[in-house]
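What follows is each chain in one-letter form.
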Amino acid sequence: MSDHLLDGVPYARFLGLQTRLSGDEITVVMPFSDHLIGNPMLPALHGGSTAALLEMTAVAQVALSYPRLRLPRPINVTVAYLRTGRPVDVHARASINRAGRRVAHVQAEAWQEARGQPIASLTAHFLLDDNEQL
Amino acid sequence: MSDSPLTAILPQLASGAAHTHALDFAFEGLFDEGRPRIRVPYRPDLIGDPDTGVLAGGLVTTLLDHVGGLAVWVALDAFRPIATLDLRVDYMRAAAPGRDLLAQAHCYRLTPTIAFVRAWAFEDDPSDPVAAAQAAYVVNEQRDRSKGAAA
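Note that the protein sequences, when read in sequence, are chains H and P. In terms of our numbering, the first sequence is residues 1 to 134. In terms of our numbering, the second sequence is residues 1 to 151.
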């Protein structure tokens with residue numbers, strides 16, 4: 001089930017995301033596809049597709065580590081774009097810095113060929129409580 | 001500004017790339033003293049939470065990133081290669097299921113190298129936002145093709 005955490009999320013399917021589980025760590029892969037291109041001249045991935053990958057990776061990792069009835073909902077998200085996203089696959093992993101009863105703080109990184117050369121990083125808070133509105 | 005060459009290509013800049021085309025982004029015009037506005041239609045394949053039908057946070061981020069880029073070009077009154085440096089999005093409330101989402105942005109400070117932008121996403125009223133963003137963009141020289149990246 002955990003290998004398919006994002007399969008029920010339509011936007012994850014739109015982006016073509018693939019979830020891989022290794023122990024308690026999720027890696028999400030966004031295989032290159034033409035419809036992810038934001039700059040046809042370079043060409044380069046749209047920063048928004050990379051940001052969405054990072055956010056989905058964070059959601060999946062939080063949902064795996066802190067299972068609730070509902071998916072975690074983003075409160076705020078900060079994305080830093082470190083390198084141009086080239087037209088190849090992108091990988092992402094998230095780590096949870098703290099999770100309380102209501103809120104989790106998460107970091108995530110996206111990279112292409114080299115893990116040590118991330119193309120973008122994310123810092124975010126998510127609401128965990130099933131009974132609370134954002 | 002309304003008859004500048006830039007204004008004529010804003011619809012193309014809003015939806016001309018493969019990603020923005022796949023999302024059906026549409027340029028709505030300039031509102032509230034020259035703030036560019038984009039619409040993304042509600043679609044089932046853009047949902048982020050299947051239990052509620054709420055559009056994905058990542059889609060909202062993409063919309064805000066993109067409309068922010070348009071605001072930079074409006075401030076420059078020209079098309080130049082730009083790249084998003086960073087983007088913070090606060091989600092104030094869930095987007096209403098079944099409703100199109102609008103976003104508009106304002107470049108409130110432009111230096112020779114950096115553009116500072118605020119952007120908002122909403123269904124009807126910019127003062128009742130679904131999400132608000134604060135972003136910075138690097139502005140490149142027109143000739144420098146090696147570093148440019150659209151938002």
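In short, the hints are calculated from the structure, not lab data. Note that the structure is a prediction, hence the values are computed from the model and not measured. A virtual CB, placed ideally from N, CA and C, is assigned to each residue, including glycine. Any given hint could be a false lead.
Computed Cβ-Cβ distance ranges for the label pairs, DEER-style [to be verified]:
(1) D124/P <-> D34/H: 30 to 36 Å
(2) P44/P <-> Q117/H: 25 to 31 Å
(3) R80/P <-> L82/H: 30 to 36 Å
(4) D3/P <-> V88/H: 28 to 34 Å
Here chain P is said to cover these stretches of chain H; the calculated rule only asks that three of the stretch's residues, wherever they fall, bring their Cβ under 8 Å from a Cβ of chain P [claimed, not checked]:
(5) 46-52
(6) 65-73
(7) 76-85
(8) 101-112
Quick rundown of the hints versus the structure:
no. : hint                         : verdict
1   : D124/P <-> D34/H: 30 to 36 Å : holds (34 Å)
2   : P44/P <-> Q117/H: 25 to 31 Å : violated (36 Å)
3   : R80/P <-> L82/H: 30 to 36 Å  : violated (21 Å)
4   : D3/P <-> V88/H: 28 to 34 Å   : violated (41 Å)
5   : 46-52                        : holds (count 6)
6   : 65-73                        : holds (count 3)
7   : 76-85                        : holds (count 7)
8   : 101-112                      : violated (count 0)
The structure shown violates the earlier hints numbered 2, 3, 4, 8.
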